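Residue numbers (my numbering), protein chains in the order written: chain A, 3 to 350; chain B, 3 to 350.
Keep in mind that the hints were calculated from the coordinates and are not lab data.
Quantities reported herein were computed from a predicted structural model and do not represent experimental measurements.
There are no misleading hints in this set.
Each pair may be met inside one copy or between any two copies, as identical chains are not told apart.
Listed below are the simulated EDC-like cross-link pairs for lysine to aspartate or glutamate, each with C-alpha atoms no more than 20 Å apart in a straight line:
# : residue 1 : residue 2
1 : Lys317    : Glu18
2 : Lys309    : Glu176
3 : Lys164    : Glu94
4 : Lys50     : Glu128
5 : Lys164    : Glu97
6 : Lys317    : Glu343
Number of protein chains: 2
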Amino acid sequence: MSDCQQSLFLKALRREPTSRRPIWMMRQAGRYLPEYRATRARAGSFLKLAGNPELACEVTLQPIERYGFDAAILFSDILILPHAMGLGLGFEPGEGPFFERPIRSPADIAALPVIDPNDDTGYVMEAVRLIRASLPRETPLIGFAGSPWTVATYMIEGRSSKDFATAKTLLLAEPDAAQQLMNTLADATADYLAAQVEAGADALMIFDSWGGALSPSLYQQFSLASQQRIVQRLEASCPNTPLILFGKGCGQHLEALADTGCAGLGVDWTMDMGEARRRVGDRVALQGNLDPAVMLTNPEIVRREAKRVLESFGKGPGHIFNLGHGITPGVDPEHVAVLVETVKSWKI
Amino acid sequence: MSDCQQSLFLKALRREPTSRRPIWMMRQAGRYLPEYRATRARAGSFLKLAGNPELACEVTLQPIERYGFDAAILFSDILILPHAMGLGLGFEPGEGPFFERPIRSPADIAALPVIDPNDDTGYVMEAVRLIRASLPRETPLIGFAGSPWTVATYMIEGRSSKDFATAKTLLLAEPDAAQQLMNTLADATADYLAAQVEAGADALMIFDSWGGALSPSLYQQFSLASQQRIVQRLEASCPNTPLILFGKGCGQHLEALADTGCAGLGVDWTMDMGEARRRVGDRVALQGNLDPAVMLTNPEIVRREAKRVLESFGKGPGHIFNLGHGITPGVDPEHVAVLVETVKSWKI
Numbered sequence: 003m004s005d006c007q008q009s010l011f012l013k014a015l016r017r018e019p020t021s022r023r024p025i026w027m028m029r030q031a032g033r034y035l036p037e038y039r040a041t042r043a044r045a046g047s048f049l050k051l052a053g054n055p056e057l058a059c060e061v062t063l064q065p066i067e068r069y070g071f072d073a074a075i076l077f078s079d080i081l082i083l084p085h086a087m088g089l090g091l092g093f094e095p096g097e098g099p100f101f102e103r104p105i106r107s108p109a110d111i112a113a114l115p116v117i118d119p120n121d122d123t124g125y126v127m128e129a130v131r132l133i134r135a136s137l138p139r140e141t142p143l144i145g146f147a148g149s150p151w152t153v154a155t156y157m158i159e160g161r162s163s164k165d166f167a168t169a170k171t172l173l174l175a176e177p178d179a180a181q182q183l184m185n186t187l188a189d190a191t192a193d194y195l196a197a198q199v200e201a202g203a204d205a206l207m208i209f210d211s212w213g214g215a216l217s218p219s220l221y222q223q224f225s226l227a228s229q230q231r232i233v234q235r236l237e238a239s240c241p242n243t244p245l246i247l248f249g250k251g252c253g254q255h256l257e258a259l260a261d262t263g264c265a266g267l268g269v270d271w272t273m274d275m276g277e278a279r280r281r282v283g284d285r286v287a288l289q290g291n292l293d294p295a296v297m298l299t300n301p302e303i304v305r306r307e308a309k310r311v312l313e314s315f316g317k318g319p320g321h322i323f324n325l326g327h328g329i330t331p332g333v334d335p336e337h338v339a340v341l342v343e344t345v346k347s348w349k350i
Numbered sequence: 003m004s005d006c007q008q009s010l011f012l013k014a015l016r017r018e019p020t021s022r023r024p025i026w027m028m029r030q031a032g033r034y035l036p037e038y039r040a041t042r043a044r045a046g047s048f049l050k051l052a053g054n055p056e057l058a059c060e061v062t063l064q065p066i067e068r069y070g071f072d073a074a075i076l077f078s079d080i081l082i083l084p085h086a087m088g089l090g091l092g093f094e095p096g097e098g099p100f101f102e103r104p105i106r107s108p109a110d111i112a113a114l115p116v117i118d119p120n121d122d123t124g125y126v127m128e129a130v131r132l133i134r135a136s137l138p139r140e141t142p143l144i145g146f147a148g149s150p151w152t153v154a155t156y157m158i159e160g161r162s163s164k165d166f167a168t169a170k171t172l173l174l175a176e177p178d179a180a181q182q183l184m185n186t187l188a189d190a191t192a193d194y195l196a197a198q199v200e201a202g203a204d205a206l207m208i209f210d211s212w213g214g215a216l217s218p219s220l221y222q223q224f225s226l227a228s229q230q231r232i233v234q235r236l237e238a239s240c241p242n243t244p245l246i247l248f249g250k251g252c253g254q255h256l257e258a259l260a261d262t263g264c265a266g267l268g269v270d271w272t273m274d275m276g277e278a279r280r281r282v283g284d285r286v287a288l289q290g291n292l293d294p295a296v297m298l299t300n301p302e303i304v305r306r307e308a309k310r311v312l313e314s315f316g317k318g319p320g321h322i323f324n325l326g327h328g329i330t331p332g333v334d335p336e337h338v339a340v341l342v343e344t345v346k347s348w349k350i
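With the sequences and hints as input, model every part of the structure.
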């Protein structure tokens, strides 16, 4: 464990009082940064960048160096794990990710291999080790993975989807096979995250980007239950490493997510932060939730809307400032500096 | 007013007891139907179909004739109104709608013309008259429009959008111009809907497809407030015509929507129907909310999931069965017959 247990980020995640609110941004190592674009151009592609520990380390550190964010997050992708399972990840220019060999049948699901994270995703663990060694000691490093349901949508559909028709059909029509897939992914994800902790991650996060597309019954049965399974396995393997669950469009499930036993919840921008806090009480820390679209406007509006989020959460510990979703490529890097300055100078 | 005040649909919308629950489907006149595809092929394009009163009437009636739905909905598009304002609507194959002349500046907004619905959208009113004359007298006809915010996203972005960056930037950075746009659209929409009632519509519906993309403060200021303005104007111009508000991804705003004074709320599939009912009490009727993806599975699952929605709403009046969003093109028409039979035979 690194020497950052008293960092603002980890203290806020434990809901301990802090001198000011910590801030980091989802996708902070991203295309809005010229230095990121330069490194990515050298790498040749997104996959080569994510697959090269030295370059992944370089881009992970860039926003820390430029802005002094209170946490770093591993540069990687939620589809690295199914890629390691042999599905053949690719990226079409402007089209997003695809799998060469999507899974469609109970037989495909039963045939998924068990992953050794230190072997099959060894380059990720090497990146975590390099980043941890290169980061300021007091800056925590967040490891992450996709949620089983979200990862499964890509594995089944073979690509991004608007309505997840094929994936939902599997859940509805082949619930046993779907359950097996969720369990396989949950166990692989827990092992993958535990390996990141072993390699140096100080906190963990699970991204459930598509949980909000499910009906409540399917959400509970597949997305929530599989995240619960990961929480329980990590409580056994990494009891001292806090876990944040982030579900886009999952505002109505906030109480259920808090009940999983996770340390923190990511909140997307469609929910009022104060309302989220009233609903989950002091069970978990909350992370979020400025609308990423605000970052495209101008410094005055960035300041005003950031203050709205800070005020909405209110006084007291347990708030980690973040966007409500990843920062978009077209943002002026100067607006990010304004955001960081606004949050850092806010009286707690 | 036509002779359908005692129809199951209008009674349920008034929360009066009915012998069974009424059912219709959003986008019921759509590509899943072979007879729709045949008429559309004759028309040549979607716009020519929507612009031809005889053909629009023909496709509106097709699902009534095939399935005996309890309400018909005008075949049209939410972008007909801004098209009439001169923005130049087009459809790219497989790409969705676009406007040739999007609006981007306060000057563009100030220059938007006032529409005379009986003149500038006379073909829509002619379609309403034809449909009303052709429908069984006991079958109600629903007229509709898009919400000001949802329509504005297309007017500003010029096409479908993933993050509504340009539209949100207008709301954040030019709130006065944005407010003027919402007011202009709300007033034009209220007039457009009142003209549909005059032409024969028995109920009205507003589709807020993208309200769920807004932060709560922008939602209240722009989407909710402009829908409220329409409700108030319609209460004056069409006091006896019930209005349904449907907001996709707006589950957290259900109470606020019920407070507008509308007659009914459409509920998307991501919320439990019983939970929606508990939250709005007996203030409004509820319409929904089977996940459209269920329709792609098989008859057994269609029956099971439809019963889940019926049971979730529970006993008592005020439920209009529907999907939680529009039916998708790939659905087997036989599955729709199974759905209709399941709902019609359900003991209230």
